[in-house]
Amino acid sequence: MTDRDPGLIPVNLTVNGAAHALNLDPRSTLLDVLREQLDLTGTKKGCDQGQCGACTVLVDGRRVLSCLTLAITKDGANVTTVEGLAKDGTLHPLQQAFIDHDAFQCGYCTSGQLCSAAGLIAEGKARTADEIRELMSGNICRCGAYPNIVAAIQQAMRQP
Amino acid sequence: MIGFQYARAGTIADAVRQMAASPGAKFVAGGTNLVDLMKMDVERPAKLIDVSRLPLDTVEETADGGLRIGALVRNTDLAYHPLIERRYPMLASALLAGASQQLRNMASVGGNLLQRTRCAYFYDLATPCNKREPGTGCSAIAGLNRMNAILGTSESCIAVHPSDMCVALAVLEATIRVTSPRGERVIALSDFHRLPGDTPQRDTNVAADELVTSVELPVQGFATSYNYLKIRDRLSYAFALVSVAVGLELEGGTVKQARFALGGVAHKPWRSTEAEAALHGRTPNEASFAQAADLALRGAKGFGHNSFKIDLARRAIVRALSQAARGAPQSQSNKKIA
Chain A
487 MTDRDPGLIP VNLTVNGAAH ALNLDPRSTL LDVLREQLDL TGTKKGCDQG
537 QCGACTVLVD GRRVLSCLTL AITKDGANVT TVEGLAKDGT LHPLQQAFID
587 HDAFQCGYCT SGQLCSAAGL IAEGKARTAD EIRELMSGNI CRCGAYPNIV
637 AAIQQAMRQP
Chain B
16 MIGFQYARAG TIADAVRQMA ASPGAKFVAG GTNLVDLMKM DVERPAKLID
66 VSRLPLDTVE ETADGGLRIG ALVRNTDLAY HPLIERRYPM LASALLAGAS
116 QQLRNMASVG GNLLQRTRCA YFYDLATPCN KREPGTGCSA IAGLNRMNAI
166 LGTSESCIAV HPSDMCVALA VLEATIRVTS PRGERVIALS DFHRLPGDTP
216 QRDTNVAADE LVTSVELPVQ GFATSYNYLK IRDRLSYAFA LVSVAVGLEL
266 EGGTVKQARF ALGGVAHKPW RSTEAEAALH GRTPNEASFA QAADLALRGA
316 KGFGHNSFKI DLARRAIVRA LSQAARGAPQ SQSNKKIA
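Those protein sequences? They're chains A and B, same order as listed.
Under this note's numbering, read the first sequence as residues 487 to 646, first letter to last.
Under this note's numbering, read the second sequence as residues 16 to 353, first letter to last.
If you are wondering where the hints come from, they were derived from the structure by calculation, not from laboratory data.
Don't take each hint at face value.
[Claimed, not checked] Simulated pairs of lysine-lysine, DSS-like, Cα-Cα distance not exceeding 30 Å:
id, chain 1, residue 1, chain 2, residue 2
1, B, K350, B, K316
2, A, K531, A, K611
3, B, K54, A, K560
4, A, K560, A, K531
5, B, K54, A, K531
6, A, K611, A, K573
7, A, K560, A, K611
8, A, K531, B, K41
9, A, K573, A, K531
10, A, K573, A, K560
11, A, K560, B, K41
12, B, K54, B, K41
13, B, K351, B, K271
14, A, K611, B, K351
15, B, K350, A, K611
Could you put the whole structure together from the sequences, leaning on the hints where they help?
The structure is reproduced here in structure tokens:
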């Protein structure tokens, strides 16, 4: 331990319903903890700079960027990743809608799009297609599947 | 990222005490800007003092009819707060014009105030930058400066402050409350951010050991005639080339009071009291707005790639004022110009 090395710090996270007692370097981002320590590789590292949205997860029910979240600051939090969206072997309505509407090509942004859309629906602020586009603008899709993503979200929004 | 010590502050007093005892420490709340800069090694705090759990996350009415906004209120929560939507819709609009919903869910009001420039050279350790390393020079002045400032620049720095929220706060004449071991003080928004001068390393007049605790809004919210118009390279999720916040008070077909501030053009939200005064008593029309725009942009100076911003700002001011006067503020979801 030196001035700039405080050693590992205990952090408790509940991820997709499972409790994890971790010991983390304070520099660890939530994204790296999910992927490298918990083997939840559904959450993607795109830009790692908060500019693409591929790393979007839900923390305590709100969509955030896991690449800009230091995991230690979320001690005690409840995290949902794309792996936690399906329940009992049944796809989440958004996942089914993305398949129905062909809302992806390469798929790299898709887990972030899905978590972001789940957050969007929970927020309840988007009703029109314009509002969906605006409030999903933090998720970049380089394949350009945007029209199909909007259609998929609209389908999921119509479901109870 | 370089290693750092980490501690969570239990109370405001504890946060301030820890800061006083920890040279080179920084407060962290949402982390959206600081963590990014730490990854780039632009910021290298010896210690992070996590203030994110302090009880500064409420919006309360003040005795004089205004609002006190806790420094830890998330940008999203502020934008959708019923009192902000109803009484300060310009602020709600500016908040929703900034960043993305994920970032707004993370970012605090205090962090928004204190966010640093996105000048590419500030982020690039391989190039000189007076803001990052005082005395090394400014790479933007003769470099790729399309996003840089046209007003209030110096030979040391032409960076812009990137916030949308702060542009609205400038029009609303908000005040910022900070606390330190020396006690509390209140800073007017107009005195909060600095022009670069020969000390561009200092973005604000907040001392390193001071913690922003709240933002206070005076009662006047311009809820009838307001606007936040943001011009950028794509329709959403991009920093402003130019933005304009407007608050108008109209009476009997003339302008009783006018305030407007520009974002994306200077090291701080840019207001011209001379330009605002020129609108008083005038008919709100394109001619009077164009004259105000010319006054606001007097002394504007381009650096090549960003010279187009002078004309862009002039037209954006006229459009933003016209929209406000018509009671047709720019929607932040339907981007067609109203």
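Tested hints:
no.: 1; hint: K350/B - K316/B; result: 29 Å, holds
no.: 2; hint: K531/A - K611/A; result: 27 Å, holds
no.: 3; hint: K54/B - K560/A; result: 18 Å, holds
no.: 4; hint: K560/A - K531/A; result: 19 Å, holds
no.: 5; hint: K54/B - K531/A; result: 14 Å, holds
no.: 6; hint: K611/A - K573/A; result: 25 Å, holds
no.: 7; hint: K560/A - K611/A; result: 25 Å, holds
no.: 8; hint: K531/A - K41/B; result: 26 Å, holds
no.: 9; hint: K573/A - K531/A; result: 24 Å, holds
no.: 10; hint: K573/A - K560/A; result: 25 Å, holds
no.: 11; hint: K560/A - K41/B; result: 18 Å, holds
no.: 12; hint: K54/B - K41/B; result: 15 Å, holds
no.: 13; hint: K351/B - K271/B; result: 29 Å, holds
no.: 14; hint: K611/A - K351/B; result: 20 Å, holds
no.: 15; hint: K350/B - K611/A; result: 17 Å, holds
The earlier numbered hints are all upheld by this structure, with none contradicted.
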